[in-house]
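K.L.:
The residues making up each chain are set out below.
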Amino acid sequence: DIQMTQSPSSLSASVGDRVTITCRASQTISVFLNWYQQKPGKAPKLLIHSASSLDSGVPSRFSGTGSGTDFSLTISSLLPEDFATYYCQQSNSSPWTFGQGTRVEV
Amino acid sequence: QVQLQESGPGLVKPSDTLSLTCAVSGYSISSSNWWGWIRQPPGKGLEWIGYIYHSGTTYYNPSLKSRVIMSVDTSKNQFSLKLSSVTAVDTAVYFCARRRDLAFDIWGQGTMVTVSS
Numbered sequence: 001d002i003q004m005t006q007s008p009s010s011l012s013a014s015v016g017d018r019v020t021i022t023c024r025a026s027q028t029i030s031v032f033l034n035w036y037q038q039k040p041g042k043a044p045k046l047l048i049h050s051a052s053s054l055d056s057g058v059p060s061r062f063s064g065t066g067s068g069t070d071f072s073l074t075i076s077s078l079l080p081e082d083f084a085t086y087y088c089q090q091s092n093s094s095p096w097t098f099g100q101g102t103r104v105e106v
Numbered sequence: 001q002v003q004l005q006e007s008g009p010g011l012v013k014p015s016d017t018l019s020l021t022c023a024v025s026g027y028s029i030s031s032s033n034w035w036g037w038i039r040q041p042p043g044k045g046l047e048w049i050g051y052i053y054h055s056g057t058t059y060y061n062p063s064l065k066s067r068v069i070m071s072v073d074t075s076k077n078q079f080s081l082k083l084s085s086v087t088a089v090d091t092a093v094y095f096c097a098r099r100r101d102l103a104f105d106i107w108g109q110g111t112m113v114t115v116s117s
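Line by line, the protein sequences give chains A and B.
Quick note: the first sequence, position 48, residue 48 per the working numbering, numbers continuous.
Quick note: the second sequence, position 36, residue 36 per the working numbering, numbers continuous.
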């Protein structure tokens, strides 16, 4: 299985901050990397697919980069509704696997 | 709009079979998509269980493959999950989701299943 490791596991930030979360795959996955946002008690929401493609309706303050084994998700200017847990997920090979999550908190 | 809704028992006894159904509305399950199940133990991360095509073709997580059966009912526009021989480690929120290309783009709200006697 491909292991996905996110860092940090949690971070404290303020409204307006620029936040970057990284995700590293245990082997190369090309650009088959997705990012999800999950709020407490809710289902995950797809933010970015194929490493850098914003899903429909996702605000442009979210962006993703990377290929191979190293990826990042950046929120350019944090809004109150962005405080949540973020997960990366690889779809290069079965079984699809998720990172352990990064909690973005005040 | 497309909506997915999980349903099933919230409490399952150890060694029994967990059975869940995901009803799809606003979209035909026979369209060119796969349909998946993902679970999340309390306070933990996400685990992919598997996905199924409307033809019945399935792909399962090898870690669960011996205990999982997924099926699809196109006449009811729904798909189902059965997980046998459950133990406490199977306690989780179970989500169904639509797979679009290589991502899960629409999710159900999730249903909590507790394994306990």
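Warning: the hint list may mix true and false statements.
[Stated by the list, open to error] Residues of chain A clear of chain B, computed beta-carbon distances all greater than 10 Å:
#	residue
1	8
2	77
3	106
[As the list claims (entries may be wrong)] Estimated spans, in silico, between C-beta atoms of each pair:
#	chain 1	residue 1	chain 2	residue 2	range
4	A	68	B	19	35 to 45 Å
5	B	116	A	68	24 to 34 Å
6	B	75	A	79	36 to 46 Å
7	A	83	B	101	45 to 55 Å
8	B	87	A	15	41 to 51 Å
9	A	9	B	87	39 to 49 Å
10	B	100	A	81	16 to 26 Å
11	A	77	B	19	14 to 24 Å
12	A	1	B	14	24 to 34 Å
13	A	103	B	75	41 to 51 Å
14	A	74	B	73	19 to 29 Å
15	A	77	B	11	19 to 29 Å
In short, the hints are calculated from the structure, not lab data.
For clarity, every value in this text was computed on a predicted model and none was experimentally measured.
Cβ atoms here follow ideal geometry from the backbone N, Cα and C, with glycine treated the same way.
K.L.:
A separate judgement is required for each hint: does it hold in the structure or not?
P.N.:
Against the structure, the hints come out as follows:
| no. | hint | in the structure |
| --- | --- | --- |
| 1 | 8 | 15 Å, holds |
| 2 | 77 | 25 Å, holds |
| 3 | 106 | 19 Å, holds |
| 4 | A:68 with B:19: 35 to 45 Å | 41 Å, holds |
| 5 | B:116 with A:68: 24 to 34 Å | 44 Å, violated |
| 6 | B:75 with A:79: 36 to 46 Å | 44 Å, holds |
| 7 | A:83 with B:101: 45 to 55 Å | 29 Å, violated |
| 8 | B:87 with A:15: 41 to 51 Å | 43 Å, holds |
| 9 | A:9 with B:87: 39 to 49 Å | 27 Å, violated |
| 10 | B:100 with A:81: 16 to 26 Å | 24 Å, holds |
| 11 | A:77 with B:19: 14 to 24 Å | 45 Å, violated |
| 12 | A:1 with B:14: 24 to 34 Å | 26 Å, holds |
| 13 | A:103 with B:75: 41 to 51 Å | 42 Å, holds |
| 14 | A:74 with B:73: 19 to 29 Å | 42 Å, violated |
| 15 | A:77 with B:11: 19 to 29 Å | 44 Å, violated |
In summary, the numbered hints that this structure violates are 5, 7, 9, 11, 14, 15.
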